[in-house]
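In case it helps, this note's numbering puts the sequence shown at residues 618 to 728.
Note that these hints are calculated values from the structure, not bench results.
Just so we're clear, the structure is a prediction, and the values are computed from it rather than from any experiment.
Be a bit skeptical, because a hint or two may be false.
[Unchecked claim] What follows is a list of derived Cβ distance ranges for each label pair:
1. R656 x A685: 16 to 26 Å
2. Q701 x Q641: 20 to 30 Å
3. A687 x D660: 14 to 24 Å
4. Q689 x L649: 18 to 28 Å
5. V654 x D720: 17 to 27 Å
6. D720 x G695: 29 to 39 Å
7. Q639 x L725: 29 to 39 Å
[Said to hold, decoys possible] Taking lysine to aspartate or glutamate and the EDC-like style, the derived pairs with C-alpha atoms no more than 20 Å apart in a straight line are:
8. K709 x D636
9. K632 x E693
10. K632 x E678
Glycine is no exception: its CB is placed at the ideal position from the N, C-alpha and C atoms.
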Amino acid sequence: METTRQNKVARLIQKELGDIFQRQTQAMHGVLVSVSVCRISPDMSVCRVYLSIFPSERAAEICANITANARQLRYELGSRTRFQLRIVPELKFFVDDSLDYADRIDALIGN
């Protein structure tokens, strides 16, 4: 069960990272990265960020690139949220494949 503070911080991180990814992917035509869920640990030190990536064929490659640049993303997140957060949590990125899973289930049911 997440506390109210955890939910507020997770929503703030989700919004700011979504803005960062939207701005960065404008230069890459045909690629869309959105933050579907953020889960933050009770001590606010680690944030698990689930990314929805289109096209899904390049999801592993793009997620690996984002993970490699996690320090820069954390710095930019810290500069954006410097008045709301004292300590910026460590960011861990994961691919959210729930939409692909739902499409696969729909295809199996439809046949």
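Hint by hint, here is what the structure shows:
no., hint, in the structure
1, R656 x A685: 16 to 26 Å, "21 Å, holds"
2, Q701 x Q641: 20 to 30 Å, "21 Å, holds"
3, A687 x D660: 14 to 24 Å, "19 Å, holds"
4, Q689 x L649: 18 to 28 Å, "20 Å, holds"
5, V654 x D720: 17 to 27 Å, "18 Å, holds"
6, D720 x G695: 29 to 39 Å, "36 Å, holds"
7, Q639 x L725: 29 to 39 Å, "33 Å, holds"
8, K709 x D636, "17 Å, holds"
9, K632 x E693, "13 Å, holds"
10, K632 x E678, "23 Å, violated"
In this structure, the one hint that does not hold is number 10.
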